[in-house]
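Sequences and hints are given; from them, build the entire structure.
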Amino acid sequence: MQSHDLARKTIWSAIYLLFILAPLFALLAGTLPPARGFGTEFSVALGYSGLAMMGLQFGLTARFRHVTEPWGEDVIYHFHRRVSLLAVGLVVVHPLILLAIGSDKLAMPASLGEVPWGAWFAVLSIGAVIVLVITALWRKQLKIPYELWHLSHIALALIAIFGGVLHMIGWGFYLADPLKRALWIGMTLFWIALLLYVRLFKPLFMLRRPYRITEVRSERGDTTTLVMQPDGHAGFRFKPGQFGWLTVWGSPFRITGHPFSFSSSAEAAQGRVEMTIRNLGDFTSQVKTIEAGQRVYLDGPYGAFTIGQPTDMHVLIAGGIGITPMMSMIRTLADRGDSRPLVLLYGGKNWDSLTFREELDALQARLDLRVVYVLAEPPQGWSGETGHINAAMFRRHLPPGYADHEYFICGPDPMMDAIERALGEMDVPRTRYHSERYSFV
Amino acid sequence: MRRLLANHLVVATGIVVVALSLLFAYLRAG
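Going down the list, the sequences are from chains U and L.
Heads up, the first sequence is in numbering that gives the first Met the number 0, so the first residue is 0 and it goes up one at a time.
Heads up, the second sequence is in numbering that gives the first Met the number 0, so the first residue is 0 and it goes up one at a time.
Hints are computed from structural coordinates only; laboratory data are not their basis.
Treat the hints with caution; some may be incorrect.
[Claimed, not checked] Covered, in the sense of this in silico footprint (three residues per stretch, anywhere, with C-beta under 8 Å from a C-beta of chain L), are these stretches of chain U:
1. 12–21
2. 45–52
3. 64–76
4. 331–338
Each residue gets a CB set at the ideal place from its N, CA and C atoms; glycine is no exception.
Have a look at this one:
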């Protein structure tokens, strides 16, 4: 499994780099225009690579299961955000190098009317890129609503890409060759196809496979469970720990999908799925108003945060609403009659806010399950663990041979950082623990 | 840790892309 994942990671990384660099090196084929200086050619190469990276950003968020599975969706989204800075850096450095080497390409003509159209598109492209980065990095500070931001994000990316390609064509140096021009136009169409895949074809598919809310259940800790049944189709199979994108209000074409883990057993009959959502403001504050009978759309399943590898025991570490994927795992293992030991370390604010507390206690009769509650604000007389989950608690509650257990961690970022550090200190190899951050979007 | 992994991938991508852009310029301009 691990070596299979490593092979997939290597192959997809190579394909990613190939899609960035092959169109650049294709410019060296055939008849070439007269060579320019090293600095000019380096700057041009950075511009081409930066543009190809920007185009491939659509691929990173296109929800291709085969691509995202080996890494996990959270890593891909974080990579998407960080690599955009690299792509923008390359695109911006391109004219700066020309400026630094005193290239005549940047010489201003006598009047604006004489500025070649290819240069105008460069200005448009870089302007769009700068606005895109500012609005992406500081969306919350700028108080831009998510949906508006998402639409403008796509529009600005399209302006930047079309502007960049038209700049290359307008400049006419390498792309004066019709074959090379066709290659880069083809690349642009490919990037647009990636966008259309996730924004047009996937919603069309979802439209034909709706779900119906059959029950809305209030849970502990200001949390609501939505029980959903496929409406007129068989639904999909998911692995415990995976998640889906849920669209409740409006059509799947609207950019309102939100990712939530499935909390139900993967063995549930007739395609039934459940999502358990805590009120954390924004969209989640409206979930309790959803009524049974409402039509919703689900895109899934996604995620590599799943059980299934050989292990002597599972150790599940949940913080707050990070319990939802763990609940799916525990319910599934119970339905499958799994007899391996299972330890759940479940951290929460207080005793009353522990979602699924009663069911977890009941499940201990069906599984070799031990639940360790860790409360940040324990009630008077509490004799259990308090504070935050740490390495000392692992040593107290887990049998030795820590490196043989399989660990799953889900919770707020600071908790996950602390636990990953603690497992590292206990010499648990990286391949033995899995983590997924629920705040990746 | 997960973000660190993504950050490392970005750095690796940057190194490869800049190195091959330098190679492109070398092949072209000598």
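Which hint numbers does the structure go against, in order from smallest to largest? Failing hint: just 4.
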